[in-house]
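Trainee: Residues per chain, in single letters:
2 protein chains.
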Amino acid sequence: MTEELNIRLARLCNMMKQEKIDACLISTNVNLLYTTGRIVLGYYYIDLSGNRLLFVKRPSSQVGEGIFQIRKPEQIGEILAEKGISAPSILLLEGEELPQSEWVRLVSLFPHSSIFNGSNFLRKVRAVKTAYEQVLLKESAKRHSEAYSEIPSLYHSGMTDRTLSIEIERTMRLHGNLGLFRIYGASMEIYFGSVLAGKNASEPSPFDFALGGAGPDPSLPIGANGTLLEEGMAVMVDMCGNFTGYLSDQTRTFSIGRLPEKAYEAHNVAIEIRDTLAAMCKPGVTGDALYERSLAIAKQHGLTDYFMGDAQKAKFVGHGVGLVINELPVLTSRSYDPLEEGMVLALEPKFVLPDVGAVGVEDTYIVTAHGVERITTAEDSIIDLTAR
Amino acid sequence: MTEELNIRLARLCNMMKQEKIDACLISTNVNLLYTTGRIVLGYYYIDLSGNRLLFVKRPSSQVGEGIFQIRKPEQIGEILAEKGISAPSILLLEGEELPQSEWVRLVSLFPHSSIFNGSNFLRKVRAVKTAYEQVLLKESAKRHSEAYSEIPSLYHSGMTDRTLSIEIERTMRLHGNLGLFRIYGASMEIYFGSVLAGKNASEPSPFDFALGGAGPDPSLPIGANGTLLEEGMAVMVDMCGNFTGYLSDQTRTFSIGRLPEKAYEAHNVAIEIRDTLAAMCKPGVTGDALYERSLAIAKQHGLTDYFMGDAQKAKFVGHGVGLVINELPVLTSRSYDPLEEGMVLALEPKFVLPDVGAVGVEDTYIVTAHGVERITTAEDSIIDLTAR
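Protein sequences, first through last, are from chains A and B. Under the working numbering, think of the first position of the first sequence as 26, with each following residue one higher. Under the working numbering, think of the first position of the second sequence as 26, with each following residue one higher.
Simulated from the structure, these hints should not be mistaken for laboratory data. If you're wondering where the values come from, they're calculated on a predicted model, not measured in any experiment. Hints may contain errors.
Some but not every residue of chain A turned toward chain B, in silico, with C-beta under 10 Å [to be verified]: (1) 38; (2) 39; (3) 40; (4) 43; (5) 44; (6) 85; (7) 88; (8) 92; (9) 152; (10) 156; (11) 269.
Yeah, the Cβ is synthetic: ideal placement off N, Cα and C, and Gly gets one too.
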């Protein structure tokens, strides 16, 4: 793991140099996991002079070279001074994630430093995965796909979206899913993923996921809402692929009996969009080109009104994945950063057809030197759950 | 629901008056749920002049009196000005929860106001539950208890803590559990709760829960770690009781075969502590008195070294519950605020015995005018999972 972490820190420090950032003080779970390989309640100080100090409040048992047990962050300044580490000119803190009170407290430890809000910078660092991170993503995607192949065997007549979801959750867990669904953004909440049946796919949610759903309760307005699964409904399954700490993203569409023909047509257009975008993806391509192409294909098939939602639409067709489900880049009309080798993307063209439900697919891809490699592999046609 | 929300807002405004807070701008999911009965991506403005304006970014379909669709928070200031609402002298923002960048943006909308960091204040408001909130907590506790009564039927030989957990999760879900485990504190993470078997109960975690456990992966260092359930192990089950948006908290201890006698003795001491504290609880009693009494009883039985953990100890014996699992008050040695009628508390005396595991109980209580009412009711002796 040390070698792996050195690769990540080398990338981080290289990008810090480019942005003229002298040091980082990291304390969010995701960035601690990325830079130290584990989660502690504490702070990781990294600077361009090669200093690496991990300050740990909990657990109290942490020992090792470069690890310092502390009770409060004010000790960080004292320890840095003892070590003769001079204050950075520009210090990165995670300003989109740190609560305001914690930010103020940490800023006060560095009275002679300029503070840089580096949450988005760190997301850019994490956007390109190392070879080992790609292994973990492939492992998640493999198990995710294996678990999805069991979905038809879980269905029985009389189920609701909710009871089907419960059996899928159990199956995913038995395949090794960790359950935790990490999302970037303080107000983003969901439990395990979503199963959207019939008209519930049209229900808007407050969250910035691709689709919504009314959810089971006012306290959780997303996903399955207890809809009885009935003949002619599309059932979209989009569950969290967290089997390794790295999250694959994969959506599949099922049906209860036969759907109206337009549903199969729209599903095939979704696959056409996915495959067209996948063929376009390579280093240098920008997200806006991918997004605009997806809109153009939807329009060409007369499906604009249903693309990425009907009443409320998502304004993206894909996004990075990794330690959180919504890593960079996000594929929107304003996504101008070029793709890079080692990025991992979910492409998720979806249509919401009133009265039928949501159709479409989502798959996870690794950007390679000359194209992409798809790592989620479950059968992608609309599978009739009543047909077995 | 309107009447219920008016009761909550009356309590909030009454406490704002006492603290000389003129207005609140609320935007975290939990406080939006508390004050509006639902979650939106947006902001709720409440002032002592009776103004109530809900500014909604998502979903885009929200309409109604006092609801304003916005694209960005800067519109809040414009709309307040249009309505002739004057800037508050003291404005509350949620400073322990808002990301620093969001805080700065909101502060800039109120250049003539003093800003008060009101996260803890709002926790105090939420600490005393209305009659309806108590109904929802009782409903969660009832279903939580019913689901726990099925745990013995879920066990089979050869299970790990993880596979037992998966079957408990499914059973909880089938009883109506929403799955989402809301916690106060940005760095607090867990999936559904914890099943701790044998020595894993001694493993410290970075999180401020009562006990730890190594967890299944470095990315989730809490709870079950794949321990094979074997003769002589204690198995502690502490799963999230979120059936209504309000979370009951309940821990039960099981065994694989017969445990060493000291485990039953320690478990009985835990029940003695729980019942002693419950008998002490009434309005006016302070948390420190409860905590110190729990330490005294543990000491009297020679169990100090094992109380609330062995290698790493939790420094509390109970806590409020509600929309999050860790509401106020927290029962620690520095908890000086008196209990009030309508508070809902979890009491969780636990012992970690090396080589055996964790024993003890946790139950949820409503503080009444003269005492407490226990609302979690599952059998509380150590149940042998192999005995059926």
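Trainee: Determine for every hint whether it applies to the structure shown.
Mentor: Taking the hints in turn, this is what the structure says about them:
no. : hint : verdict
1   : 38   : violated, 22 Å
2   : 39   : violated, 25 Å
3   : 40   : violated, 20 Å
4   : 43   : violated, 22 Å
5   : 44   : violated, 17 Å
6   : 85   : holds, 5 Å
7   : 88   : violated, 12 Å
8   : 92   : violated, 13 Å
9   : 152  : violated, 18 Å
10  : 156  : violated, 18 Å
11  : 269  : holds, 7 Å
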